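Following the hints, position chains B and C against chain A.
Protein chains in written order, with the working numbering: chain A, 1 to 610; chain B, 1 to 144; chain C, 1 to 240.
Everything labelled a hint here was simulated from the structure, so no lab data went into it.
Each hint should be verified, as a subset may be incorrect.
Label-pair ranges, simulated between beta-carbon atoms [what the hints assert, rightly or not]:
| # | chain 1 | residue 1 | chain 2 | residue 2 | range |
| --- | --- | --- | --- | --- | --- |
| 1 | C | I9 | A | Q316 | 38 to 48 Å |
| 2 | C | E56 | B | G106 | 24 to 34 Å |
| 3 | B | F58 | A | D77 | 55 to 65 Å |
| 4 | A | G114 | C | G55 | 50 to 60 Å |
| 5 | C | E135 | A | G271 | 41 to 51 Å |
| 6 | A | P213 | C | E56 | 29 to 39 Å |
Since we're looking at a predicted model, the values are computed, not measured.
Where is the CB? At the ideal position from N, CA and C, for every residue including glycine.
If you want the building blocks of each chain, they are given just below.
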Amino acid sequence: MNKPESKRKRVTEESSNNIIWIAISSGTCGQARGSLKIVEAFKKEVGKLVLEGQVKIRVTGCHGFCEAEPNIIIFPDGIFYQHLKPNDTEEIVEKTILLGKIIDKHLYKDPQTGEAYTYQKDIPFYRKQMRLLLGDNLLIDPTYIEDYLARGGYQSLAVALERSPEDIIKTVKDSGLRGRGGAGFPTGFKWDFCRKAKGDVKYVICNADEGDPGAYMDRSLLEGNPHSVIEGMIIGAYAIGAKEGWVYVRNEYPLAIENLTIALEQAREHGLLGNNIRGSGFSFDINISRGAGAFVCGEETALMFSIEGKRGVPRQRPPFPVRKGLFGKPTNINNVETWANIPKIIKKGADWFSKIGTETSKGTKIFSLVGKVKNTGLVEVPMGITLREVIFDIGGGMLNGKGFKAVQTGGPSGGCIPTSLLDLPVDYESLTKAGSIMGSGGMIVMDENTCMVDVAKYFLNFLQDESCGKCLSCRKGIQKMLEIVTDITEGKGKEEDLETLEELADVVKDVSLCGLGQTAPNPVLSTIRYFKDEYLAHIKDKKCSAGVCKTLIKYTIDAEKCTGCTACLKVCPQDAIEGETKKPHSIIEDKCIKCGMCYDICQYDAVVIT
Amino acid sequence: MIQVNVKCPYCKRSLMDDEHMIDGKPTIKVNIQSGNRLGDLYLSSLYGSYKIISEIDFTEGEIYIFSCPHCNSVLTSKNLCEKCNAPIVAFEFIRGSKILICSRRGCKKHSIEFEDLEKEISAFYNVYSLFFAPTSGKKEKKNE
Amino acid sequence: MPNVRIDGIDFEAEEGWTILEVAKFLGLEIPTFCYNEGLSPWGGCRLCVVEIGEGENAKLVTSCTYTVQEGLNIRTASKRVIKARKVLIELLLASCPSSKVIQDLAAKMGVESTRFKPDWEDCVYCGLCVRICEEQMGAKAIGFVDRGGKLKITTPFDMKSDVCRTCGACMYICPVCTMRCEGPDAESVVCGRCYNSLQPTCIDYYDDYKCYLGLTRDCGTCIQEAPEDKKREKVKEGKK
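Chain A with its partners taken away, still in its complex shape (with noise of 0.2 Å):
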């Protein structure tokens, strides 16, 4: 049988022996971006080596500093090369890894300071998080189970088999453990209302149907570190009582499907998953259940209906999952990241991970770093660290150095944040109060080309496809917002619109069965709440001062600085620039559609956007 023990001994064995291995970032972001190649032309080059078996190449999951893809680490040194092609391989097999050489192009480089960080630990992307969850992608391949082994992985498992239930629900109520899918419910009075309901039948279930735009961290956690999920799900199903769960996974993460179903029979073979675990009596194994392309069956009630094969169509609570949940059982449903936090609890104890975060939220977050801003990628971070810190110091600032104008969090159902809220900490009520939402951690920052009307319209566009439709105030509200708003894109709004999308937005809001019809008013409410001049603007004035409402704005060409190159001319799919080589160019304003492609193509920055 194959012992876990055994394995992990082996592979520690294997990284004391002086043995370089190359971590190569195979997230679907790094895949994106070519990681396959690299991985391939790696092998190909260490397959020449006569010492082949003394480097190993480590196909991991996404490294999180996705602005950086493709990227590797060389371990045991951990030097971090970035933005790599697949013939620099042959080059870094050949200095780096033989002589021990740096070469230098392949560094990270501060913006500002142009400073070159060989190591991985010392980037200031990387240095400034506290990467609990994350820090194990860089070294572990998510396909073989002996890696997980070696970092001790189900070591918090046989610790918890040996304790009772009930003390491993104070545990985790004890830690202030809360829901990092966006709600932030207490973890540990949940597991406790899930064992204290009444029943012999019980599931948890892990929601992994991120369905955020712009958020990706649990499909990271997914693919780079499956059984860091499994082995939270296997301990709070030992601690609720549950013998089968199931992991909703949305349809559009293939390569997290595959790592898991991998993830899944390793976790069979070697006894942790199954009947009997490690002995103890406890018997239980995992599911996959596959979305179909529906945000709202991210909402748990809809997410059961879909489990059971039925429309993904949200229903009242009372009664809640934990009384009455799948097929009628009482259930326990859980975020991806959240279940991927109770090993370390188990393993590190409650007082060390409440000693992490602020008096109501602890322990860290991972947010999807997004927009415009110098680092993307993902970010952990302690609960209470503030936005700038995020934005400016782990983000490295504003990309293009353009003004940092308002960061979005919470995806569809969170708010706009502006500059004076820079200074916020990050945590669930802060948010809150601000009008947005802690939500699955997604943060996009924007500049001053950003126009607030806009990402509204997106953001209602976005939630009225996704809408199961059943509440009139849901489906038909969203709509007439969504008309309203892009009447005040098109310049066609009228002074009493705020009123009137304030009033239907307090309606929906009040009114909605599920989350996402009470959520959906709030990219409008709090962009009216920060950005009401620019509402104002495109009312009164029909002027769209970010430049993107197509409707308002004009494409001019300054004619001082134009130097009549003819590249817009050339480029322009319309058609509706004229002018003689060497003179300046004009553009027809009937004819301009605003696609943009003159202004990009300008060197001389001679396109005025007004």
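Just chains B and C now, with coordinates in the frame of chain A:
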């Protein structure tokens, strides 16, 4: 955090006081006695918050007697604290459920006892509903 | 036997009753749209919402689906509820102004205009047809398909149904496609003639008062076609 509205278990009158606020919420007002020192004590109504307002200087480790400011009944129950053996003080929460705190200054033992699981679940979900009651949003707007 | 307080009245309800059933028993009026006594409650129109709970924890729930519990405090017509209902009616009017049921609801709630652009759809997705087909006719021939803006009610894969017996129950129960507003102001977005006029509409056109049931406006004469020439006159006088 759950905000609790408590009553005296004997006279059933509300112990909430909104002239003194802690954590932005009304406080729980009780009469407090140690030896012959008498005074008012205002506790935070957020379950889990240990902040208080009082003119009395509390001595760490000392046991105090809590009584109702309306009917003067002593609020101490028969039960003793698991951690420090001091008497437990009981307040009535929603119908049938009780809030229990330790009467020894410095001891952090406290718990809520619910009449049934259903009520406990509802109480928690009311607080932790994802979309904190829209009324709080409206209040913010008036202040701006 | 849960004890509840509804609009200040202390009442001991039966186990398993919904708030709407309690209200009906006590004679308190709660407007509904997608509710039908003979069918299971759906809770889609949100019109029957009432306010429960107190202070910061007060929230709106649909009374047709919410089972009463011990100690529940219900307000059927608080400010929040009325505001919500009015906006919901505006949304209904904007979806389907040609429905008499919706026009009557609007007139009853005192909604005289809608701020939203009318869509003139012929379905408001109340689900009554789906429920009657499944529960009363036992056929389950139609159902909800897709979601969001693409939501529709149709047979599986839009194919001709094997189980549909063309009984017409779905048409009978539909509040929108069958009961069309046919009063003199039928083309306007908010008509409300049947409920808002002090005088029955029949008197506007006929010499005799046609309402057999007095001024209850339930006789249905108001929806009879007004004579063509009289209609044109009325329209010239100016729409509301």
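Status of the hints after comparison with the structure:
A hinted range of 38 to 48 Å is violated for the C-beta pair I9 (chain C) and Q316 (chain A), which are about 24 Å apart. Between E56 (chain C) and G106 (chain B), the C-beta spacing of about 31 Å keeps the proposed range 24 to 34 Å intact. Our hint of 55 to 65 Å for F58 (chain B) and D77 (chain A) holds, since their Cβ atoms are close to 56 Å apart. Range check, G114 (chain A) to G55 (chain C): Cβ separation about 57 Å, and the 50 to 60 Å hint holds.
The supplied range of 41 to 51 Å is met by E135 (chain C) and G271 (chain A), whose beta-carbon atoms lie about 49 Å from each other. Against the hinted window of 29 to 39 Å, the Cβ-Cβ separation of P213 (chain A) and E56 (chain C) comes to about 31 Å, which satisfies the hint.
Checked against the numbered hints listed earlier, the structure breaks hint 1 alone; every other hint is satisfied.
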